[in-house]
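Taken in sequence, the protein lines are chains A and B.
If you read the first sequence in my numbering, its first letter stands for residue 1, the second for the next number, and so on.
If you read the second sequence in my numbering, its first letter stands for residue 1, the second for the next number, and so on.
Treat the hints as calculated values from the structure; they're not laboratory data.
Don't take every hint at face value.
Repeated chains share a single entry, so a pair holds when one copy, or any two copies, can fit it.
Claimed, not checked - Computed list of lysine to aspartate or glutamate pairs in DMTMM-like fashion (alpha-carbon distance at most 25 Å, straight line): (1) K114 <-> D42; (2) K213 <-> D168; (3) K7 <-> E120; (4) K43 <-> E55; (5) K43 <-> D168; (6) K43 <-> D175.
Number of protein chains: 2
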Amino acid sequence: MADDRRKPMRVGVLGTGEVGRRLAAGFRGRGHAVTIGSRDPDKPELRDWLAGEGEGIEAGTFAETAAGGELLVLAVLGDAADDVIAAAGPQNFAGKVVIDAMNPLDFSGGFPPKLSISGEDSLGERVQRALPEAKVVKAFNTIGNPYFVEPSFSEGRPTMLIAGDDPDAKRTVTDLLADFGWPDTVDIGGIEGSRELEAICIAWVKIGGARGKWDHGFKLLTG
Amino acid sequence: MADDRRKPMRVGVLGTGEVGRRLAAGFRGRGHAVTIGSRDPDKPELRDWLAGEGEGIEAGTFAETAAGGELLVLAVLGDAADDVIAAAGPQNFAGKVVIDAMNPLDFSGGFPPKLSISGEDSLGERVQRALPEAKVVKAFNTIGNPYFVEPSFSEGRPTMLIAGDDPDAKRTVTDLLADFGWPDTVDIGGIEGSRELEAICIAWVKIGGARGKWDHGFKLLTG
């Protein structure tokens, strides 16, 4: 259905940890041209991945990845966001849909983590402020990365909650999410909704810690 | 099933708004002896309610209600919590399970509300600090009050998320929730989890605003 609805895009995923790899593979699997960005695109573990699970994905520097992508995904650790945006070049995000899949997790006090940005701010808002000409959409941050693509639970599909200031960008992300196997995306409003979505990440992590397993996700029931 | 498992308790519900009334009626309907506490227990609208939907429920001052209850419920507006606790007498909460169903909502900027307490604090934590000898359990704050009792959605029952420092108190609340028609309660940890649960309230409210209706709730999918 994706191919009927949308042309393949050039997608740049910034970050080569599990979150970045899962998302890069997800976009590649849906027919998009994907570059994955790293501080060191030649590092052996990345090359190994590109030769295996990451087949068909290109690697580049953060700047190359950001410059080349029509749609960009921020998928680094929350604490690295500022540095990665600086390395990627803020101008390379201008006018583009930017998916913020990050969480500002502070593990300095052990498990469970706390939010390193909270109160009247959030990482999503900070990213939008750092990239005022980008259309930042918070997504993928309230579920573990094994569920990014075709999530399935015994009682059905979970709900993706998203937030962002640009309605068109949220429609684009909602369509992409449908292709990823998330038929139910709920838009909670402007990018300041990242405050709630990042808190929901903490709740997700605490539930995993309490259960001792990580096979859980939220669904919005209606009607 | 409730009657097999548990003796009726004396329950004191502080607050006569919709949240307090729904909870008071819920406890009454499950065979408990319920007092509902108000600044003015003789006010006509409360008397009207007690003569109708609230039949069988007693009314008292905050202090009478807190002194008489074996289990207490804080169900006033979040901003009123400090005053109501002071009026009720902090000593009247000592040693008791106290359900905090409140949210610190700030509507001063219009809709959607923001949290008036956020960052490295929450109303739940504040209540626990104000009542150090009470066993505070955050519950009922992530769903609209029409769903407090026997919640039902087309795709099933929602999940109640709770937080608190006392494991026994959380077991008591989990059992009570099962009687209320919430078979699935998930404990996210200590009372500092109120940070997440209060943020989830904001998400719930924003989703209602976006959908233009309020028939929604969260379910945790697993496995």
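Hint-by-hint comparison with the structure:
Taking the shortest Cα distances, K114 and D42 never come within 25 Å of each other, neither inside one copy (33 Å) nor across copies (45 Å). In this assembly of identical chains, the alpha carbons of K213 and D168 lie at most 25 Å apart only when taken from different copies (23 Å versus 36 Å within one copy). When the C-alpha separation of K7 and E120 is checked against a cutoff of 25 Å, the pair qualifies neither within a copy, at 38 Å, nor between copies, at 44 Å. Taking the shortest alpha-carbon separations for K43 and E55, only the intra-copy value of 16 Å comes in at or below 25 Å, while the best inter-copy value is 72 Å.
Proximity of K43 and D168 under a CA criterion of 25 Å is satisfied in neither setting, with 37 Å inside one chain copy and 51 Å between copies. In this assembly of identical chains, K43 and D175 lie within 25 Å of each other by CA distance neither inside one copy nor across copies; the values are 33 Å within and 53 Å between.
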